[in-house]
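Undergrad: Residue numbering for the sequence shown follows the UniProt record's numbering, beginning at 1 and increasing consecutively.
Simulated from the structure, these hints should not be mistaken for laboratory data.
Don't take every hint at face value.
What the hints assert, rightly or not - Distance condition first, Cα-Cα at most 27 angstroms in a straight line; then the derived DSSO-like pairs of lysine-lysine: (1) Lys122 to Lys16; (2) Lys84 to Lys29; (3) Lys133 to Lys8; (4) Lys8 to Lys146; (5) Lys71 to Lys16; (6) Lys6 to Lys71; (7) Lys6 to Lys133; (8) Lys103 to Lys29.
Just so it is clear, the structure is predicted and the values come from calculations on it, not from any experiment.
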Amino acid sequence: MVYMGKDKYENEELIKHGWDEDVWFHVDKLSSAHVYLRMTAGQTWDNLPEALVTDLAQLTKANSIEGNKKKNIVIIYTPWSNLKKTGDMAVGQVSFHNSKLVKRVTIENRANEIVNRLNKTKEIKDPDLYAEKDAHLREIAKAERKVLLQQ
C-alpha cells in the first residue's frame, strides 16, 4: 500500500501517524509530495526490489512541481522511524535522526508509462490515520501477548 500527501498539511499528518513499517520517499532538496510505502510482512526497507523503488521514485518525482520538470532528480528514502520532526520546523518539513539511513536513487527522466500505470491504481481517500495506527498498534500488542502466553 502506498500513501501520498496532497499538500503540506496531509504530509504533516502522515509524518505524525506513520508506522514502523513505512518507508518515506521525497525529492531531495525540492518541494514534493511525501510518498510512503507501507511494507508487507517480511519486507525490509534495505532490500526493497529495485523495480518497486523505481516506481515509487517516479511517483515522487511526478508529484513535485519543480522536480517533475528537471532531469537527474535525486529521490531520497528512509524508514519512517528515521524521520525527525521538531517544533521549530515548518509544516511538512522533516530532518533525520541518522543521515546514514537515508538512501538515494537518481531518476534521469520522468517515465510516463510508470506514472500512468500507478495513477490507474490510485484511490483518493481521507483515512483516519490516527485510528489506523491505533488499531495497528493494538494488533501488534495482542500478537505479542499471545506469544508470551504460549511460552
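Undergrad: Hint by hint, say whether it matches the structure.
TA: Now for the hints, and whether the structure bears them out:
no., hint, result
1, Lys122 to Lys16, "23 angstroms, holds"
2, Lys84 to Lys29, "16 angstroms, holds"
3, Lys133 to Lys8, "20 angstroms, holds"
4, Lys8 to Lys146, "39 angstroms, violated"
5, Lys71 to Lys16, "31 angstroms, violated"
6, Lys6 to Lys71, "23 angstroms, holds"
7, Lys6 to Lys133, "20 angstroms, holds"
8, Lys103 to Lys29, "14 angstroms, holds"
Hints 4 and 5 from the earlier list are contradicted by this structure; the remaining hints agree with it.
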